[in-house]
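2 protein chains.
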Amino acid sequence: MIEDKNQQRTALSDLGEFGLIDHLTSQFKVSQKSTIQSIGDDAAVLEFKNKQIVVTTDLLVEGVHFDLSYMPLKHLGYKAVIVNLSDVFAMNAKATQITVSIAVSNRFPLEALEELYAGIGTAAKIYDIDVVGGDTTSSTSGLLISVTAIGEVEKEDVVCRSGAKPNDLLVVTGDLGGAYMGLQVLEREKQVFLVNPNSQPDMEPYSYIIERQLKPEARKDIVKLFKDLEVKPTSMIDVSDGLSSEIMHLCKHSKVGCDLYEEKLPLDPQVISTCEEFNIDSTTVALNGGEDYELLFTLSQEDYPKIKANPNFTVIGYMTEPNVGMHLVTRAETKIPLQAQGWNALNDQE
Amino acid sequence: MIEDKNQQRTALSDLGEFGLIDHLTSQFKVSQKSTIQSIGDDAAVLEFKNKQIVVTTDLLVEGVHFDLSYMPLKHLGYKAVIVNLSDVFAMNAKATQITVSIAVSNRFPLEALEELYAGIGTAAKIYDIDVVGGDTTSSTSGLLISVTAIGEVEKEDVVCRSGAKPNDLLVVTGDLGGAYMGLQVLEREKQVFLVNPNSQPDMEPYSYIIERQLKPEARKDIVKLFKDLEVKPTSMIDVSDGLSSEIMHLCKHSKVGCDLYEEKLPLDPQVISTCEEFNIDSTTVALNGGEDYELLFTLSQEDYPKIKANPNFTVIGYMTEPNVGMHLVTRAETKIPLQAQGWNALNDQE
Numbered sequence: 498m499i500e501d502k503n504q505q506r507t508a509l510s511d512l513g514e515f516g517l518i519d520h521l522t523s524q525f526k527v528s529q530k531s532t533i534q535s536i537g538d539d540a541a542v543l544e545f546k547n548k549q550i551v552v553t554t555d556l557l558v559e560g561v562h563f564d565l566s567y568m569p570l571k572h573l574g575y576k577a578v579i580v581n582l583s584d585v586f587a588m589n590a591k592a593t594q595i596t597v598s599i600a601v602s603n604r605f606p607l608e609a610l611e612e613l614y615a616g617i618g619t620a621a622k623i624y625d626i627d628v629v630g631g632d633t634t635s636s637t638s639g640l641l642i643s644v645t646a647i648g649e650v651e652k653e654d655v656v657c658r659s660g661a662k663p664n665d666l667l668v669v670t671g672d673l674g675g676a677y678m679g680l681q682v683l684e685r686e687k688q689v690f691l692v693n694p695n696s697q698p699d700m701e702p703y704s705y706i707i708e709r710q711l712k713p714e715a716r717k718d719i720v721k722l723f724k725d726l727e728v729k730p731t732s733m734i735d736v737s738d739g740l741s742s743e744i745m746h747l748c749k750h751s752k753v754g755c756d757l758y759e760e761k762l763p764l765d766p767q768v769i770s771t772c773e774e775f776n777i778d779s780t781t782v783a784l785n786g787g788e789d790y791e792l793l794f795t796l797s798q799e800d801y802p803k804i805k806a807n808p809n810f811t812v813i814g815y816m817t818e819p820n821v822g823m824h825l826v827t828r829a830e831t832k833i834p835l836q837a838q839g840w841n842a843l844n845d846q847e
Numbered sequence: 498m499i500e501d502k503n504q505q506r507t508a509l510s511d512l513g514e515f516g517l518i519d520h521l522t523s524q525f526k527v528s529q530k531s532t533i534q535s536i537g538d539d540a541a542v543l544e545f546k547n548k549q550i551v552v553t554t555d556l557l558v559e560g561v562h563f564d565l566s567y568m569p570l571k572h573l574g575y576k577a578v579i580v581n582l583s584d585v586f587a588m589n590a591k592a593t594q595i596t597v598s599i600a601v602s603n604r605f606p607l608e609a610l611e612e613l614y615a616g617i618g619t620a621a622k623i624y625d626i627d628v629v630g631g632d633t634t635s636s637t638s639g640l641l642i643s644v645t646a647i648g649e650v651e652k653e654d655v656v657c658r659s660g661a662k663p664n665d666l667l668v669v670t671g672d673l674g675g676a677y678m679g680l681q682v683l684e685r686e687k688q689v690f691l692v693n694p695n696s697q698p699d700m701e702p703y704s705y706i707i708e709r710q711l712k713p714e715a716r717k718d719i720v721k722l723f724k725d726l727e728v729k730p731t732s733m734i735d736v737s738d739g740l741s742s743e744i745m746h747l748c749k750h751s752k753v754g755c756d757l758y759e760e761k762l763p764l765d766p767q768v769i770s771t772c773e774e775f776n777i778d779s780t781t782v783a784l785n786g787g788e789d790y791e792l793l794f795t796l797s798q799e800d801y802p803k804i805k806a807n808p809n810f811t812v813i814g815y816m817t818e819p820n821v822g823m824h825l826v827t828r829a830e831t832k833i834p835l836q837a838q839g840w841n842a843l844n845d846q847e
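Protein chains in written order, with the working numbering: chain H, 498 to 847; chain F, 498 to 847.
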């Protein structure tokens with residue numbers, strides 16, 4: 498597993514209260530025109546002229562959402578940002594600012610927080626967003642990260658969950674189930690490591706799915722692509738909990754039904770081979786895996802020519818009248834009702 | 498102490514993932530014109546025409562910021578909102594929306610979360626703000642609340658920490674040290690209760706200071722008063738960590754010094770009598786107590802007639818040239834350097 502070769506340990510209390518904050522946040526430079534006043538006052542000040550603002554927030558809890566025995570802190574910081582940006586992009590908006598709050602127990606030295614903030618800084622740089630505030634406090638146990646993301650969008654471009662109509666196409670970006678299978682591999686290696694700390698596993702065959710789990714990306718590119726293709730989805734959501742659950746959200750909010758085709762589910766070859774190795778059904782993984790941060794959207798059929806043959810998109814089904822219900826059409830051409838995954842975390846209000 | 502007579506206990510898992518969220522958030526109605534889309538999508542959508550937006554976030558952690566043995570959950574929900582609104586008002590802005598994220602261990606039944614959300618709802622109603630999103634997740638231990646508040650302000654009305662000039666008056670609203678002394682009383686009664694659960698303490702002599710601790714208010718009224726009086730402070734901050742610490746923030750950001758007069762510190766009679774009872778110096782409490790959520794601001798001397806004799810304001814000193822430093826002028830007319838309180842929580846980045 499990941500070995501910590503960093504022997505430097507500086508107690509957080511050595512820097513003093515505000516020294517720590519200055520130290521961790523000095524890397525964050527302002528690049529967004531809408532950021533008027535960033536970290537360093539009671540609140541950040543933003544200005545968006547005639548745009549609508551989107552706001553979303555997510556909480557990541559140690560032992561619930563991540564396990565530091567295989568999640569490097571830098572990756573965790575990166576992922577905490579991505580999870581929120583994904584929600585902004587799912588509104589068809591441009592992400593502009595985030596705030597980051599952290600509760601941390603005193604078992605973490607300064608160097609650990611520096612790693613975490615390095616990951617946050619990397620994500621902020623790559624996705625071109627400003628870190629404009631936050632709160633750093635102690636916790637009685639473990640690490641918790643709360644990120645709030647803010648974005649902007651032209652009024653006429655906002656895409657909600659509620660606009661899907663019967664006969665709209667159901668489309669997903671990228672492929673599904675990778676993050677979940679990456680987690681399975683990491684969990685297995687953790688068990689192996691606990692038994693034999695000297696084992697050196699070959700992770701190469703799992704590189705893609707492990708990256709999907711440890712360093713996911715949010716689909717900023719898709720929001721731009723929609724603009725370039727002059728496509729506006731009728732409804733959209735990001736795939737964080739799992740495809741089934743997200744489809745059910747779209748159907749519920751849009752008051753429509755859905756037929757989803759098992760044979761259309763986009764799977765990476767590494768997901769298929771790892772599913773075989775673990776003896777897990779790949780359809781179940783694609784439906785319920787979660788954490789892929791792809792975008793799931795519906796599209797009026799007349800827009801189909803605009804996305805046809807684009808490798809970013811897979812049409813996986815279509816919306817139906819609400820009384821028809823939500824179904825998975827299997828490879829054997831039987832129809833079974835769609836079910837959301839079991840109780841996981843208490844989860845997202847948005 | 499506070500006895501829990503509520504025998505009803507519904508496990509969170511009984512409601513199912515999204516049932517819980519619907520249940521807790523159904524009380525939140527939209528009242529702000531700027532709220533276009535609230536809870537129920539990937540992100541909330543807000544629209545502020547030609548206004549600047551302020552954003553602030555705070556994290557409250559069980560065992561660090563609150564103790565549930567004397568903090569009723571309803572009060573905790575209320576206070577979590579107040580703490581953030583106070584930061585918005587400290588920018589001279591109007592608070593409009595909040596998001597609320599909660600991590601909760603399974604020792605809390607549904608009824609506990611309902612209490613917490615009732616407090617959040619009460620604060621939202623009284624301060625006329627919309628709850629537009631959040632995240633509810635499980636934690637491995639304890640309760641944690643993360644609130645992000647959003648507000649709006651005309652560009653020319655924003656007051657930062659950085660505008661104070663030498664000779665400006667230093668002014669504080671309300672009185673100081675009450676929340677801290679309320680906490681001392683509650684801590685003492687908790688110890689008494691642990692020894693003798695049948696003791697019935699008379700809390701009447703401490704009613705004001707206990708309310709300052711358990712149900713603080715944010716000074717929305719002051720922002721309105723500034724408008725009515727046509728006063729714009731040169732700098733402003735809210736008193737959350739303690740007066741000394743906040744004065745030092747204003748001085749640092751504004752690059753000025755300060756003379757603070759001990760005899761001017763506004764103290765409620767209950768604070769004075771409780772300080773005597775606990776044998777604590779009331780000046781120390783006023784300087785370092787924290788959690789009063791009053792506003793501390795600086796004002797050009799020419800504006801003094803506008804606030805003179807207004808019972809909401811106490812002039813406690815004036816700003817000086819930076820090379821003079823920051824001093825407390827004692828009742829004995831000696832000058833001692835101002836010092837911030839010790840290491841408390843890792844604290845606020847804003």
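Where hints are given, some of them may not hold.
A pair holds if it fits inside one copy or across any two, identical chains being indistinguishable in the list.
Stated by the list, open to error - Below are the DSBU-like pairs computed for lysine-lysine, each with C-alpha atoms no more than 30 Å apart in a straight line:
(1) 721 to 546
(2) 571 to 652
(3) 530 to 662
(4) 749 to 526
(5) 530 to 805
(6) 712 to 752
(7) 803 to 761
(8) 687 to 832
(9) 803 to 724
(10) 687 to 530
(11) 526 to 687
Worth flagging that the hints you see were computed from the coordinates, not collected in a lab.
Check your understanding: Quick check: which numbered hints come out false for this structure?
Key -> 2, 5, 6, 8, 10, 11
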